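Protein chains: 2
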Amino acid sequence: MGNLYIGLVHYPVKNKRGDIVASAVTNLDIHDIARIAKTYSIAGFYIIQPMPSQKRLVKWIISHWTEGYGGEYNPIRAEAFDSIRLVDAIDDAIMEIRKETECPPVVVGTWAGYSGATIDYEEMSALIRTEIEPMLILLGTGFGMADEVQEICTYILEPIRGNGDYNHLPVRAAAAIILDRIRRTTQTD
Amino acid sequence: MGNLYIGLVHYPVKNKRGDIVASAVTNLDIHDIARIAKTYSIAGFYIIQPMPSQKRLVKWIISHWTEGYGGEYNPIRAEAFDSIRLVDAIDDAIMEIRKETECPPVVVGTWAGYSGATIDYEEMSALIRTEIEPMLILLGTGFGMADEVQEICTYILEPIRGNGDYNHLPVRAAAAIILDRIRRTTQTD
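Heads up: the protein sequence lines correspond to chains W and F, in order. Position one of the first sequence corresponds to residue 1 (the working numbering), numbered consecutively onward. Position one of the second sequence corresponds to residue 1 (the working numbering), numbered consecutively onward.
Same shape as in the complex, but just chain W (with noise of 0.2 Å):
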């Protein structure tokens, strides 16, 4: 229950036009992912972003709904926000999970357009209830992470598929449906 992480990398991710960039951090993704991963027991969500000012802006966002107005006005949400986790770069991420568990991570990457060799929501819960490792799933910004990521990953998690060719979900209803069919399955069990 407490091993599993998720990251939101912003560095390095494409572009439109298929160069590796640093991408802006959207205020929904950090709430709404925030929510969900509250929703489903993830130990921490790091925010994976090197630029100074988008550094900043992340940190004002965290004590704005955290420490300042935000949270006396919603205390619910600065619940959400407690498990967010601000690091320069996915190293980063997986050697603060290292320190804490004393257990290097399983990385999991996600790919919406993956066509090689993935695991699948089952096998990853079944990885997750043995909780021998902590696990770390990757989520890209932008027009998805960098394919150098990959050399990182134990494993890639099988892409979501709807129901018609449309292929274009939002990070965040991503998040969602990633966490509900890991941990859905673990729930019912």
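Calculated from the structure, these hints are not laboratory results. A few of these clues could be false.
As the list claims (entries may be wrong) - Derived pair list, reagent style DSS-like, types lysine-lysine, alpha-carbon separation capped at 30 Å: (1) F:Lys16 / F:Lys59; (2) W:Lys59 / W:Lys16; (3) W:Lys16 / F:Lys59; (4) W:Lys59 / F:Lys16; (5) F:Lys14 / F:Lys55; (6) F:Lys59 / F:Lys99.
Stated by the list, open to error - Which stretches of chain F does chain W cover? Using the computed rule of at least three CB atoms under 8 Å from a CB of chain W, they are: (7) 18-24; (8) 35-48; (9) 165-173.
Fair warning: this is a prediction, and the values are worked out from it, not measured in the lab. Glycine included, every Cβ here is placed at the ideal spot set by N, Cα and C.
Guided by the hints, dock chain F onto chain W, whose structure is given.
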């Protein structure tokens, strides 16, 4: 496949104090739920909003993304916006579906804290598979739909529970999880 509709209800809903109000439209609700609905092949996404100023806003957003600059810049978003329909009241959505399908829809309500008798996701999937009647799933904004809406619901859907006590998902995330649970089961049959 083609008989499932969703409605995002802005009136009648509760505010923080439990008063019945019309809630304001959230731009991101429209974008995210349109993309989620398109992914899961929903026949129509009703935005239920009676306030004239708010209706103008919704029309402006839709036309920007389907006819205006947004549609040219992002044709994939325009495709998602295709299924949006703006109506004043839940009854108008019901009447329109009845006209389109020549059958009154089964109305399914969703309340996060509902504790009475509910239908679960497997039963819902089975109902949709039969495709005898169209179905309209209503999602509340604000602090949830007014209790009086229960009178027109044939079923109330089992609330989404996570793995802890935190039960405050954004309506965008609830829409993603509900459609994935219902449609994913359908898909694997």
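Hints, verified against the model:
1. Using a Cα cut-off of 30 Å, the hinted pair F:Lys16 and F:Lys59 holds, with the two alpha carbons roughly 27 Å apart.
2. As the CA atoms of W:Lys59 and W:Lys16 are separated by approximately 27 Å, the hinted pair is consistent with the 30 Å bound.
3. Annotation: proposed proximity of W:Lys16 to F:Lys59 holds, straight-line Cα distance about 27 Å (limit 30 Å).
4. Taken as a hint, the W:Lys59 and F:Lys16 pair is honoured in the structure, with Cα atoms around 27 Å apart against an allowance of 30 Å.
5. About 19 Å separates the Cα atoms of F:Lys14 and F:Lys55, which keeps this hinted pair within 30 Å; it holds.
6. Straight-line distance between C-alpha atoms of F:Lys59 and F:Lys99 comes to about 23 Å, which keeps the hinted pair within the 30 Å bound.
7. Remark: the segment 18-24 of chain F is not confirmed as covered by chain W, as 0 of its residues place a Cβ nearer than 8 Å to a Cβ of that chain, below the required three.
8. Figure legend: the segment 35-48 of chain F, annotated as covered by chain W; annotation consistent (6 residues with Cβ-Cβ distances under 8 Å, at least 3 required).
9. With a cut-off of 8 Å between beta carbons, the segment 165-173 of chain F has 7 residues touching chain W; three or more are needed, and the interface restraint holds.
Comparing the model with each numbered hint stated earlier shows that hint 7 is the single one that does not hold.
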